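J.: Take a look at the letters that make up each chain.
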Amino acid sequence: MSKLRFRIDRRYLPVVVTVGLFVGTYVIAALKYPGLGTPQVFFNLLIDNAFLIISAIGMTFVILSGGIDLSVASVIALTTVVSAALVEKWNVSPFLAIPLVLLMGTALGAFQGSVIQFFKVPPFIATLAGMFFARGMCFVISINTIPITHPVYKAISLFQLHLPGNGFISLNVVIALIVLGVAIYLAHATPFGRTVYAIGGNEQSALLMGLPVARTKVLIYTLNGFCSALAGVVYSFYVLSGHGLYANGFELDIIASVVMGGTLLSGGSGYILGTLFGVLIQGLIQVIIIFDGTLNSWWTKIVVGLLTLFFILMQKVLTARRRPQPADSETNQATRFDGSKSVSVNGLHR
Amino acid sequence: MDRHNAGWRSLMNSPLSGAGLALLLIMAFNLFFTPGFFDIRIQDNQLRGSLIDILVRGAPLMLMALGMTLVIATGGVDLSVGPVAAITGAVAAALIGGQLNVTQMPLSLVLLIALLIAILCGIWNGVLVAYIGIQPIVATLILMVAGRGIAQLITQGQILTIYYPPYHFLGAGYWFLPFSMYLVIAIFILISLFVRRTALGLFIEAIGVSASASYYSGINEKNIKLLVYGLCGLCAGIAGILISANIRSADANNAGLWYELDAILAVVIGGTALSGGRFSLVGSLLGALIIQSLTTTIYRFGVPPEVTLVVKAGVVFTVSLLQAPGFRKLKLGRSVAPKGVAQ
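Sequences listed follow chains A and B, in order.
Note that the first sequence covers residues 374 to 723 in our numbering.
Note that the second sequence covers residues 667 to 1009 in our numbering.
If you are wondering where the hints come from, they were derived from the structure by calculation, not from laboratory data.
Bear in mind that the values here come from a model prediction, so they are computed numbers and not experimental data.
Fair warning: there could be bad hints in the mix.
[Said to hold, decoys possible] A few chain A residues that face chain B, going by a derived Cβ cut-off under 10 Å, partial list only:
hint, residue
1, 394
2, 395
3, 399
4, 400
5, 441
6, 588
7, 592
8, 632
Positions of the beta carbon are idealized from the N, C-alpha and C atoms, including for glycine.
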């Protein structure tokens, strides 16, 4: 009995470390820079990163299933461009434009998922094509930035939800928190979530157990497409414009956030809540650099790289103890990212 | 079975045929729709023209694709080649210094140090992958994220301009043909000899098929992975020097931006499977040429360069679909699934 409890504890450990690291860094930074301790700075952290939180949550599902999606940041940019073009150039009502762009992102995700599942194209390549396509389409629609001046967008952008303690959050944060709640429910309390974990653990076994692997895999990428589009909508509220270079390179920040949140990139292990803190840690590093004023922005990248390394090494130590054959798990992971199955490799020397 | 038919089928199934066909298609398109595309003239004893342009501009990508081929053949991937190129260019620019026509230290020493750092970056990736056992995509993601930061640290966030003409020669110089072409050919021959005249190529393919099986048959898979990642770093470093020499400056943010994806793409177009195993260096060179000809062709039409991405997406999609086991099964009506896909 005690053994079982210990194992559960260890599974939570990466998340606990992430949360601990975030809280610890925040407290130390707040002691050094008193301004950072005010509630509004924390709320701003949420406001500035709301779109990243939404996108990273979608990515968590993909990574939990052992896949990868490189197209997310491009879909965010495409969403901002399409919604700006619809609302400003073609005078479509925002109440129609927003569902339309959400549908577009979802369809794009569903398409990528189908290609990955039914044609066995490696996720890395299929979503790379999606990334090129979405980024390119932005510039086909418009080379220049399209400002959004529609009153509905302005009203949403200026909306502030006042909280006790003299702080406020934007509607974007509310959306992000709702997505977080729904995602936690989906991942941990539905058959869909359990299938995602099962696929990430071992796709072949999931298939043999009779789980709906094909349907779930397509659904995962569809869900991620929806999340990217929603993140794009939120981002267009945040910046009130659309441009093809928005969120350039963010796919890697998003993947790094998921890893820092304690999700194993080989799939099958991780928590949605960890991803939230993975994003917040990246945001916090940027805030600290701004508060400090003497550090340069490139330190963000270096620190994020080092933190990613730290978390991967930590996971390595944790999983190495659970699975005593390191060579085995390595082969397992090396073949995983291109979507091929590794059961035969495992069977070889067991 | 008709022998001729079987030969045709094996030709169509050869990884090189797809890439060769795609390159031919692009060239045929240009023959009809781009006037003057095939014009080559001698100007100041230098060969000039669109075709030569493709070779010059494609040189860094070809070099990266060569290194990437070996990494992918071991079943890995290197996402950090772009940032490594940026670091190398930044180091070289910082060592040369910003004075007009002089360099702080001899050019050979500058290149040696810059390339050593590039190899070091590659070995860092190799250690993470081979000895710590991190999956390649994540291990190299670390340097991809941190690498641009490191490059900015070296350049102090500025674009360092290089005013030393001999360095420019590396990227834009001519000995009748562009210098970078000689460089690419020399490195291609060296790597080909290295992997095909020694057992190394066989070992790399063995590791790509099954790392554990190679280990049990006595191949030191860890050291070979280390070597391959180091080599990939070196190739990325040389590409970085070409890029910085060509634009006469080191730009930490934009040098080699997205080259990692293009390099992977070139390798995949060239017929090397992402799951590892059999590889083709010629195929990767062809793949890089396809990407560059596509870009140059689109530029000639005066379309905004960003739109290239849509065309590229189409190419990636078509090529990956043609190579995908799921699609091949449909087409040939029988399973030609490569290793590892148990179905």
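J.: Now tell me, hint by hint, if it's right for this structure.
T.: Each hint tested on the structure:
1. Interface hint at residue 394 of chain A: violated, since its Cβ lies 17 Å from the closest Cβ of chain B, which is beyond the 10 Å cut-off.
2. Against a cut-off of 10 Å between C-beta atoms, the interface hint on residue 395 of chain A is violated, since the closest Cβ of chain B lies about 18 Å away.
3. With 10 Å as the threshold, the beta carbon of residue 399 of chain A stays out of range of chain B, its nearest partner Cβ sitting at about 22 Å, so the hint is violated.
4. Residue-level restraint check for residue 400 of chain A is violated (minimum Cβ-Cβ distance to chain B is 25 Å; threshold 10 Å).
5. Checking residue 441 of chain A against chain B by beta carbon gives a least distance of about 7 Å; that is within 10 Å, so the hint holds.
6. Violation of the interface hint for residue 588 of chain A is found here, the shortest Cβ-Cβ separation to chain B being roughly 16 Å, above the 10 Å cut-off.
7. Annotation: residue 592 of chain A was flagged as interfacial toward chain B, and the flag is violated, the nearest CB pair being 18 Å apart, outside 10 Å.
8. The beta carbon of residue 632 of chain A comes within 7 Å of a beta carbon in chain B, closer than 10 Å, and the hint placing it at the interface holds.
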